[in-house]
Structure formats: structure tokens, C-alpha cells
Amino acid sequence: MAHLGVAHLGVAHLGVAHLGVPHLGWEVPLSVLYLNGIANPSHQIIFYLSVLIILMSTYTYHLSLGSNLGDRATQLSKARDLISTEVGSIMTESSIYETQPWGMEDQPWFLNQVIAVQSELDPSDVLSRIKKIEIQLGRLPAEKWHARHIDIDILLSDDKVIEEKDLIIPHLHFHERNFTLVPLMEIAGQLMHPVFQKTIEELYEECRDTGEVYIFNADEQDNPL
Numbered sequence: 001m002a003h004l005g006v007a008h009l010g011v012a013h014l015g016v017a018h019l020g021v022p023h024l025g026w027e028v029p030l031s032v033l034y035l036n037g038i039a040n041p042s043h044q045i046i047f048y049l050s051v052l053i054i055l056m057s058t059y060t061y062h063l064s065l066g067s068n069l070g071d072r073a074t075q076l077s078k079a080r081d082l083i084s085t086e087v088g089s090i091m092t093e094s095s096i097y098e099t100q101p102w103g104m105e106d107q108p109w110f111l112n113q114v115i116a117v118q119s120e121l122d123p124s125d126v127l128s129r130i131k132k133i134e135i136q137l138g139r140l141p142a143e144k145w146h147a148r149h150i151d152i153d154i155l156l157s158d159d160k161v162i163e164e165k166d167l168i169i170p171h172l173h174f175h176e177r178n179f180t181l182v183p184l185m186e187i188a189g190q191l192m193h194p195v196f197q198k199t200i201e202e203l204y205e206e207c208r209d210t211g212e213v214y215i216f217n218a219d220e221q222d223n224p225l
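Heads up: the sequence shown begins at 1 in my numbering, then just goes up one per residue.
The reader is advised that the hints may include incorrect statements.
[Claimed, not checked] So the derived label-pair ranges between C-beta atoms look like this:
1. D71 x E164: 33 to 39 Å
2. I90 x G189: 28 to 34 Å
3. V195 x P108: 29 to 35 Å
4. A218 x L167: 30 to 36 Å
Quick caveat, the hints were computed from the structure, so don't treat them as lab data.
Note that the Cβ used here is the ideal one computed from N, Cα and C, for glycine as well.
Kindly generate the complete structure, drawing on both the sequences and the hints.
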């Protein structure tokens, strides 16, 4: 079971303080099992294997949300609500940042945020659902990097590397952009990029993007520049 990252799973190690799945951030004190009547070592193993099977059938996605048209904060809020309903549970969310447009500067500033979502859906299904959410929130077909009511991108999906016609994970350019790196670094700075084998913090330190990124203050709506 070592390849699954399970710590101390076995009768000989049932005296340890915790058992868990480290890369999923899941850990439970063994005392909890005893308090719930699961004191038999063989039953404990069966319990953990059952939970492990459930956990290993889920994926963690880091999604980037962006909006620079209409009520930007409300658009992000609606996107989070729909993602919770249609994609999976939001485990963590970054602060909301006001960011300088990237690619085409002659447009309103964006609000950007990164969220971590746990889902049973595979990446292609997640992509399909977030595209439907974008349409539902008013996104229209437009040229690349133009203003938009909502933009939702898959940055990462665990340590998966996918290269398909309509789906590339990790996102090809997120390591080149402050507006994705800064919020992602806030919630997952030590997360490893599966292609570059560098942490998000390391990628940010190497990034040459000069785009401005500020914590969003709803009471100060004017652009900071």
C-alpha cells in the first residue's frame, strides 16, 4: 500500500497516533476509531481501506475564476455557488484579487480568485460543466484575452498531466501569470507542478510577469493605478 501514500496501514502499526492519506490532506486519530467502537485491528484495516477507496476515487482541482464585466464580485460568488452544485465541494478558496489585464491591457481590471475543489468527476466532465457555468453566467464567444463576465480555468488536477485537443492540464500558461500564481500560492504554495517539478512559490519567484495584483477591497472600486 506504500504507493498510495498511506501511513502505517497494518496490524503491526495500529499503535500510532494517526492514520491517513497525506497527499489528500486526510488524517484521523486512531482514538476516534476506538471511541466509535472499532477496536478490533482487522476491522480498523477494513474501515481504512473502505475510506481509502472512496477518497482515491475523487480528484482535487484548482480552478481559476476571473471577471471584469458587470458586478465582478457577484459574478465570482455565483460561479462558486454553481461550481459547488455542479462540480464538487469547495475545500479552500483564496482571497479575491484585483488584477491588471493580461494580454490586452485596454479593458477593465479583473477580479481573480483560485479555489480548490474536490470532485468525483473526471477532468473532461469538469471542463464540460465549467463551460456550461460560464455560459449560464453570461459569457459570450469572444476573442482571446478580451473582457468577459466570467472565466473559469482548470489550473491543476492533482498530479495529472493531460494533453488533449480541448483539454490541457496543467494549464499551459498559469505559471507565467501573476493573477493566477498569487492566489494559487496563497492556498497551495507548496503544491508541486507535475511538469516543471517546482512548487507554486518557486514558479512565482521565477515569473517575469509585471502585472499588478492587489487584494480586492470592495470599498475601493477604482483601479489602483
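Hint check:
1. Between D71 and E164 the beta carbon distance is about 34 Å. The supplied range of 33 to 39 Å therefore holds.
2. In this structure, I90 and G189 break the distance hint of 28 to 34 Å, their C-beta atoms being roughly 19 Å apart.
3. At about 32 Å, the beta-carbon gap between V195 and P108 stays in the expected band of 29 to 35 Å.
4. Checked against the given bound of 30 to 36 Å, the beta carbons of A218 and L167, roughly 34 Å apart, stay inside it.
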